[in-house]
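Q: Residue numbers (the numbering used here), protein chains in the order written: chain A, 1 to 127; chain B, 1001 to 1203.
I should point out that these hints are in silico values taken from the structure, not numbers from a laboratory.
Even glycine gets a Cβ: it sits at the ideal position worked out from N, Cα and C.
You can trust all of the hints, since none of them are fake.
Within a straight-line C-alpha distance of at most 25 Å, the following computed DMTMM-like cross-link-like pairs (lysine to aspartate or glutamate) qualify:
no., chain 1, residue 1, chain 2, residue 2
1, A, LYS20, B, ASP1112
2, B, LYS1201, A, GLU14
3, A, LYS80, B, ASP1152
Covered stretches of chain A, as calculated for chain B (at least 3 residues, CB under 8 Å):
no., region
4, 14-25
5, 42-48
6, 62-69
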Amino acid sequence: MRLTVPLTGTVLQEGSVWGKDDLIGDPNDPIRLVEIDLGNVSWRMVDVDIENEVMIIEVSPAEEIGEDTGQVDGGGKPIKIRRPTTKQEKIASLQNAQQIIEGHTKDELYAMSKCQRLKRPFKEKTR
Amino acid sequence: MIIQNGVGITTLLNGETVKTALNAANEIVNRGIYNATTLSAVDADLQAANIKLAETIFGFLGTVAPGALAEDTSGDAKTGVVGDTVGGYYKNQVFGNTGEEYDFATVTPTFDASSLAFGVAFAAVDSVDQAKIRLYMGGVEVAESGPCGAYDVYRVTGFRALSGAQIVKGSFHCYGDGISGTSWTKGYTSLPWGVAAGSVKLV
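Make the full structure from the sequences, and use the hints.
A: Dropping the structure here:
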């Protein structure tokens, strides 16, 4: 499932993640998704639409989930094991991530995440 | 002057024949009289070495084969801290607040200008529900794992175009408050976390 998510961070070099002019972010404030927990999913970058300041990601449900065994270790910490996620859990995870992103406007996502909009100090100086 | 199809073409000027020249900058061929020549003399780029394999343009049979991929950087890799507590078996990384991030390993390979870079970040993590692993390449987040909810080796992969010396790093990101994260290795030779990067390029 693909989602389009707003970006935060600082651009050091305007460009593309697939083009000859590389899009480079500040290593101390990298270009990244607004910091909202998408739940029990992983994702990978598909593309960056720098003009609209969003990233298109491919989201996948977690194949396994940590489950509490009810036991604790010597330090009192709960012991968990990994078990495969069910089909229903996978669907629910994807729907949850979709609702988080597509159920809110761009402005709402920035407010929820308390992240600033993408900084582009060199925007007018593209090659 | 010659009249062709009702259009006059100047052929003599001051007693000399007016010649028109082809222009390598565009494909327009105006009406006129031309000196005998070859098209490759007009545009030196018209040659077999600039034409796609098996295609013929003005008699030049192309010899340019599709680009092949070749290794660029050779898989630079680096691991993070092996362990600094409890006999060197694990590192207890505590996240205090949502949004905290801990960079656990970084490499800075030099990529060719035409390369496709690949990265992987991995870590053995024990029960940190609200921490996830991130992979950054060239200052762009390219992947994030699911929650590190039980002891296992978690990994994320990503790829993008990169050139020159660029940072590739793996990090833990905390989505919860007061979360204690533990990375656990079983044995001295096991390493808890690391990042690796490589690339291929067209030749």
